[in-house]
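K.L.:
Here is what each chain is made of, one letter per residue.
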Amino acid sequence: MRFAAKLALLMTALAAGCAAPGKPAAAPPDTTPGGQRQPASATVIAPDNLPSAPIKTIEPPPPEQEKAPEIPAVNPPAAAQPPAKTTDKPAAKPVAAPVSPPKSKAPETKTSTKPQPAQEPAAPPPLALTVLEQRLKDTSAIGVFTKLALKNQIDDLLTQFRARHEGSSKTPLSQLRKAYDNLLAKVHDLLKSGDPPLAAAIMNSREAIWLVLTDPARFAKL
Amino acid sequence: MKITVNRFILLSAAALSFSIYVQAADNSALARDLTATLSLLGLPCGQVVNVVTQGNRDHLVTCSDKNRYRVYVNAQGRVTAEKR
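Protein chains in written order, with the working numbering: chain A, 28 to 249; chain B, 41 to 124.
Among the hints, a few may not be true.
With the C-beta cut set under 10 Å, the calculated list includes, among others, these residues of chain A facing chain B [said to hold, decoys possible]:
1) 174
2) 176
3) 213
4) 216
Interface residues of chain B toward chain A, partial, derived using beta-carbon atoms under 8 Å [unchecked claim]:
5) 69
6) 72
7) 73
8) 74
9) 76
10) 77
11) 80
12) 83
13) 111
14) 118
15) 119
Rather than coming from a laboratory, the hints here were simulated on the basis of the structure. Glycine is no exception: its CB is placed at the ideal position from the N, C-alpha and C atoms.
With the rest of the complex left out, here is chain A:
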């Protein structure tokens, strides 16, 4: 007798286990169409499967469950009875599915009406040179040797700009610009995998930094 009971329990557990996670194909059919089929055995199984076509193979019984799907559309899962709770969860999920598409539609309309404001906040503002320097020092995306080598090259470039502003060198601005772009490209390459925000911020600051470098008055304050 005990064995029979254990066997029955085991079979039930196995059935429940098969039903729960892995049934993308079988469960979907029941729930999808109106979101009304969700309940019963399918309820626990397939929130994901909702969208597929209907198959009445597993139709569970209780009229309560049917009520649940209808109600949930308006009300969130406020189950009164424990058995109903299990069915309510699935019912709530189907409700969520239909609701989600409208949400996606809403953002689209919003974006269409206000595209520019959304893009503006996404782009980080140009960094001040001091901030940029500090962030480069603090980042863990590059090692000590790399930071030191980078500092050497930045110092070399600044020396060239200083010589130009002082008149001791007549290096064409186009050549300096090329060196500057190359250096920024190297920095970006170094940071893009380890510290993408800093890499993006540097690239966004490219023109602002260039203006500082080419303006003798602002350069002198560095």
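Starting from the known structure of chain A, fit chain B onto it as the hints suggest.
P.N.:
Only chain B this time, still in chain A's reference frame:
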């Protein structure tokens, strides 16, 4: 007594494994750092596959393309790479 000895051996093995793991991670980070440094200096290397530390901020590196460099910080504070 036996249990105590066994525990001691287990703990020692764990500590040793951890230290090896940490050292390997350090070496990996240093290799990546030196790879980036050589790339920044415009020297051909590929990936640094072996690092022999000769002193403070002085390393002998072997690259995946068989090039070998001594990478160090000179007296002027510049990172320098000499081909070997």
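K.L.:
Run through the hints listed earlier and report the numbers of any the structure violates, in increasing order.
P.N.:
12
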